[in-house]
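Student: Protein chains in written order, with this note's numbering: chain A, 1 to 255; chain B, 1001 to 1255.
Quick caveat, the hints were computed from the structure, so don't treat them as lab data. Given the structure is predicted, the values throughout are model-derived calculations rather than measurements. Don't take every hint at face value.
[Claimed, not checked] Subject to a maximum C-alpha distance of 25 Å in a straight line, what follows is the list of computed SDA-like cross-link-like pairs (lysine to any residue):
hint : chain 1 : residue 1 : chain 2 : residue 2
1    : A       : K77       : B       : P1135
2    : A       : K37       : B       : D1121
3    : A       : K37       : A       : V25
4    : A       : K77       : B       : A1233
5    : B       : K1074     : A       : L131
6    : B       : K1218     : B       : N1141
7    : A       : K77       : B       : E1172
8    : B       : K1024     : B       : Y1193
9    : A       : K176      : B       : K1074
10   : B       : K1024     : A       : T13
11   : A       : K77       : B       : D1180
12   : A       : K24       : B       : S1085
2 protein chains.
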Amino acid sequence: MAHYKLILAYEGTAYAGFQRQAHKVTVQGTVEDALRKLGWQGRAIMASGRTDSGVHALGQVISFNFDWKHGTTKLVKALNANLPSDISAQHAMEVPWAFHPRYDALRREYRYRLYFQPERDPLRDAFAWRLNRAPNLSLMNEAASLMLGSHDFRGFGRALKEDGSTTREIFEVDWKSAGDEQHFTIIGNAFLYHMVRRIVYVLVKLGLEELPVEIVKKGLTEGETGIVSLAPARGLCLMQVEYPESVFSENLKVD
Amino acid sequence: MAHYKLILAYEGTAYAGFQRQAHKVTVQGTVEDALRKLGWQGRAIMASGRTDSGVHALGQVISFNFDWKHGTTKLVKALNANLPSDISAQHAMEVPWAFHPRYDALRREYRYRLYFQPERDPLRDAFAWRLNRAPNLSLMNEAASLMLGSHDFRGFGRALKEDGSTTREIFEVDWKSAGDEQHFTIIGNAFLYHMVRRIVYVLVKLGLEELPVEIVKKGLTEGETGIVSLAPARGLCLMQVEYPESVFSENLKVD
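Take these sequences, add in the hints, and give me the full structure.
Tutor: Structure representation (structure tokens):
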């Protein structure tokens, strides 16, 4: 038996989110089913965090204990042979028993895509939010930069546990043009429930000059913006989760 | 009653190709169903050409006669309200009765996408061919340039009708890097059945140095390459179809 960290990519469109649910098809349930076909007998995999229904990932991190004799390259190939085409194992490594993809995570990076067309583009509509016109990048970057550092983000999302802390630290924010699209990158230590989608919604409305920049200041100081709308899930992608090198450098073999 | 030209975009993944078939879901059948919900009573729409199962389009052109009183902008909106999310009307215009999207077409532009990763990327695997390593762009461009001009392409595809001509004219070919992908653009007056996918397969194998450049010369002069494989349909997209301005400039109202 060993403990594996595995990087997972998925298109979230067809799934009721990451987390396993009794009567719904979820990413976690589908991955666990594929692992069981390889002989895994564990109860549940662990993950860096949950993603909402329709949200994608290129760098979701999961971990699980598994008695697998054939090496990590063959583990990735065997899993992919048993996963549907909208989920894919990217890379696996053996890690110390103490590794936990959620509690050990230092930084989480999300990307949000916007595209601009009068009618939907079927080749990217599952991966980006369609708008009729492009919001102002400078306005969005100016407002986003107010979020850098540690703040109480309860005005932009809620804690996963009742009475959980709503303070989060944001390390990087960046809106940029990418061909005929705009992409937003946000990197933080962790995010509240719906936090990235609500931030994107507020910033886009700011960029379209339908909301004043002051609403971000208000949200950060008063914990309330009055905005309940969210940017669509399909524009969001979990890009990567970073860990301190030290969690991987313990001796793997202790016997 | 008027004659409409309409630009259609679709993700081909879920469809048994463009052309209507009795017991299969096709793009044509789905668009005709949507038109009928708006009151259309025609027998069939016309198209610039058929696309294979899994092939996408951003600029497929269709035409149909329709007694529609509300203008072309509302026609596009009404169709999109009745089409599934993987098909979308982009633009409509009223055209002369004589316009035919296939026979009047001057140039057809296709794009083929390659991406390079050891395991599939679920966010683009439906739209691009995954390879483990990148083929040599210079080799591919050198070989592709041999195809420019008028040639008998029977070594790279077959005529749609038995005894149909297999001569086609190629106006532009170009392989280029696009981020971590490579994209091939090919523009010709028309294409044989499977021609673009067979050309891409041969060029990619050339670029990977698994086939000699001479095979393209052989195909063009002897009408035979010995290659029967095709690049996967999912990497291919019909980008646009161009018409001479004159077909649109006749007086629309003749009464």
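Student: All hints, please: hold or fail.
Tutor: Now the hints, each set against the structure:
For a cut-off of 25 Å, the pair hint linking K77 (chain A) to P1135 (chain B) stands: about 23 Å separates their Cα positions. Between K37 (chain A) and D1121 (chain B) the CA atoms are separated by roughly 22 Å; this keeps the pair inside 25 Å, and the hint holds. Distance hint between K37 (chain A) and V25 (chain A) is fulfilled; the C-alpha atoms sit about 17 Å from each other, no more than 25 Å. For a cut-off of 25 Å, the pair hint linking K77 (chain A) to A1233 (chain B) stands: about 23 Å separates their Cα positions.
Between K1074 (chain B) and L131 (chain A), the direct Cα distance comes to roughly 18 Å. Compliance with the 25 Å bound is thereby established for this hinted pair. For a cut-off of 25 Å, the pair hint linking K1218 (chain B) to N1141 (chain B) stands: about 17 Å separates their Cα positions. For the hint pairing K77 (chain A) with E1172 (chain B), the CA-to-CA distance comes to about 39 Å; that exceeds 25 Å, so the pair is violated. Between K1024 (chain B) and Y1193 (chain B) the alpha-carbon distance is near 20 Å, which keeps this suggested pair within the 25 Å criterion.
Under the criterion of a C-alpha separation no larger than 25 Å, the hint pairing K176 (chain A) with K1074 (chain B) is inconsistent with the structure, at around 33 Å. Under the criterion of a C-alpha separation no larger than 25 Å, the hint pairing K1024 (chain B) with T13 (chain A) is consistent with the structure, at around 24 Å. Taken as a hint, the K77 (chain A) and D1180 (chain B) pair is honoured in the structure, with Cα atoms around 22 Å apart against an allowance of 25 Å. The straight-line distance between the Cα atoms of K24 (chain A) and S1085 (chain B) is roughly 22 Å, inside the 25 Å bound, and the hint therefore holds.
In the structure shown, a violation is registered for the earlier hints numbered 7, 9, in ascending order.
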